[in-house]
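Chemist: Listed here are the chains, written in short residue letters.
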Amino acid sequence: MTRRGLRLDPIGCDGHGICADLLPERITLDDWGYPIVDPSPLSDDLIGHAERAVTNCPALALRLEKVLDAAAR
Amino acid sequence: MNRTLTAERTETLVGPVSAVGPAGVARLLDGPPDLSSHVARLGRLPDRGAQLIDLAQAAGLTGRGGAGFPTARKLSAVAAGAGPRVVVANGTEGEPLSAKDKTLLVRSPHLVLDGIDAAARAVRANRRILCIERGNPAVHEAVRIALAERNDRRLEVVLAPRRYISGQEAALVDLLNGGPGRPTLDRPFETGVSRRPTLVDNVETLAHLALVARFGPDWYRSVGTPADPGTTLLTLGGAVKTPGIYEVPHGISLRAVLAHAGVGPTRAVLVGGYFGRWLPARIAESLTISRQSLGAHDAGLGCGVIAVIDDDCCAVAELARVAEWYAQSSAGQCGACTWGLRDLAAATGAIHQGSPDPRAPADVRRWTAMVRGRGACRLPDGAAAFLESGIDVFAEEIAQHQAGLCTRPDRHLLPTPTPQPWP
Amino acid sequence: MSGLLSTSADWYLMRATGFIALILLTTTVGLGIANLARVAKGPWTRTVAALVHRNVSLLAVVFTVVHILTAISDKYVKVPALSLLVPGLSGYDPFWIGLGAVSIDLLIAVMVTSLLRSHLRKRTWQLVHWLAYLCWPTALAHSIGSGSGTGVDTGKGWSTVIYIVVGSAFAAAVTVRLTRRGRDAVTPLPASARRPAGYAPSATAPTETRPLAAAGTTRPRRNT
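Residue numbers (our numbering), protein chains in the order written: chain A, 1 to 73; chain B, 1001 to 1423; chain C, 2001 to 2224.
Treat the hints as calculated values from the structure; they're not laboratory data.
No experiment lies behind these values; they were computed from the predicted model shown.
Wrong hints could be hidden among the right ones.
[Stated by the list, open to error] Taking beta-carbon pairs under 7 angstroms as the criterion, some of the chain A residues facing chain C (in silico):
id : residue
1  : M1
2  : H16
3  : I18
4  : P24
5  : E25
6  : T28
7  : T55
8  : L60
Glycine included, each C-beta is placed from N, C-alpha and C at the ideal position.
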């Protein structure tokens, strides 16, 4: 099954930190306010929150990409 | 002890003899640099075309720029790209401890140029570029003379600004595209110079490729190990009697290499330069120049730099100075790198200045883990490995500094050239 | 043409919603730049600020839409529907209404690209979003210009006050934006914010330390 996971563009990222507010299950902030993004596949209940995080990033630095589920590898 | 790093002196370590091509291990740096001697020693470069990719695959040639990526795979990826392709030979050698590429270009320019030509034919490129770092007139002159000898007016020589990350693949492509030379997220084999598929290879890799084109994969594999075939160039520096460039077969023990270079009692060895890590002497001496042996200690050969530090040198000063240099070397694009390396420099600097604060080494451990893998390039990873291994290997000396003591002189062993400012 | 309401109500509604839209548009620009300048410092306040900017902008669009609809349905001025999107087609006051049409077009472009922003490249979205700097002055000119003349609002005390306030706010916001020098002005939460500033200094200087040779401490510059 193909799931999607979050990918961060570290160059575009400006450290606003809004993504960490919107998806704390997958994104935490480092000591400088920049996001550490867990790229593992997102479960269905988190996809909506992840899409909000992508849309609300002021720098458009987050993307959702297809990743192969662990079972499918 | 002679601590200065020189590019002039070269040595070769003798290995097994092979049937065809240069005997033993003296492959890359043997012989005078002029064209007629080059042809007399090695013969003319045959045109293998795309077949070269299969030869490189069979030979198991990997990149010598630091990443160790399989060369055949890179060639295939570029050859599969759409549109006219570009070959870029990376001779920038931004790693301050490394001098092998400059040496290769001065002593065997035709081998490198052959490699560029062979690669260009293999991927059907119509543009060839050689990049060298600004401020190396000897290298520039050697290349200029060699190109004149070959009547080659189309190969472009481009000077790159002196920065550690100038030679990063995407940064180099950015520079060639008219940018300041900052790493991007583009992958050169797809979107490179003028957005065309671009092969970026280290000049040593291309030199090996030129030999494989002539003598084939079996010859290439006649020295080294099955997992790590062939020879590689090392730059030996620090507290060694005869620093310089050494061509060695893969699999040789690090102890043999150090013995040849002449070392006294060693405290620690930096393997992989500023992209590598510190290993205590007793571990270093048990290793071989091979991915498996080094990998067992999380180390890698990188671009082949091996620097020795002895007991007569303040390692904490070295760590602090290089930490500051990492921070200056950042492109300033990625938050974790820009600020993380700045704070790592502050923490190591505080330790060096004798702060008793236990948070300083704790912060170094915390932040090295925090910046790893968070950048668009691997600069933060290099800084992390160097500093994290440094505070482990030199833990005792750090404790001394934090107690207000330092019993060793600051020798400025590790070079930290100021990077060219960004435009 | 029958309007939504009686003629005079349309007329007043059109002008009122126009002014409110202008005020909301000004607020939107101010909020957008405040976000850029990181006025909101804490984690959740930044998120709220970003969402408020977006919601106020949508509110501005709503009021603009009502403003347009009442302009179409108003019997006193003959404004064909298409002229509200295409400049120059209005019989009444073609230039000033035309400016309003330009302003709406720009606003639509900004809104559509923002709604679709996760599907766009950052550069594309950014360039269109910068049209907001053109949209606002156009809207202001439209307001002042179409409000001139007998029986309308320009020149009256209250409208002058509004124009001065929104004008100053916009000018201040743009000044902040221009003086911000891109991402250089962004200072992250310093690591020392999570602990007391700096590290404890040495009680005694180490026996043989000297200042690090040839290594000045520079603050790394972020690119713009």
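Chemist: With reference to the structure, classify each hint as holding or not holding.
Modeler: Against the structure, the hints:
Violation of the interface hint for M1(A) is found here, the shortest Cβ-Cβ separation to chain C being roughly 23 angstroms, above the 7 angstroms cut-off. Interface hint status for H16(A): upheld, as the beta-carbon distance to the closest one in chain C is roughly 6 angstroms, under 7 angstroms. Interface restraint check for I18(A): the shortest CB-CB distance to chain C comes to about 5 angstroms, inside 7 angstroms, so the restraint holds. Restraint check, P24(A) versus chain C: the minimum CB separation of about 10 angstroms is more than 7 angstroms; hint violated.
Taking 7 angstroms as the C-beta cut-off, the interface hint given for E25(A) is violated, the closest approach to chain C being about 15 angstroms. Because the closest C-beta pair between T28(A) and chain C is about 11 angstroms apart, greater than 7 angstroms, the hint is violated. A hinted interface residue such as T55(A) counts as satisfied when its beta carbon comes closer than 7 angstroms to some beta carbon of chain C; here the least separation is about 5 angstroms, so the hint holds. Satisfaction of the interface hint for L60(A) is found here, the shortest Cβ-Cβ separation to chain C being roughly 4 angstroms, below the 7 angstroms cut-off.
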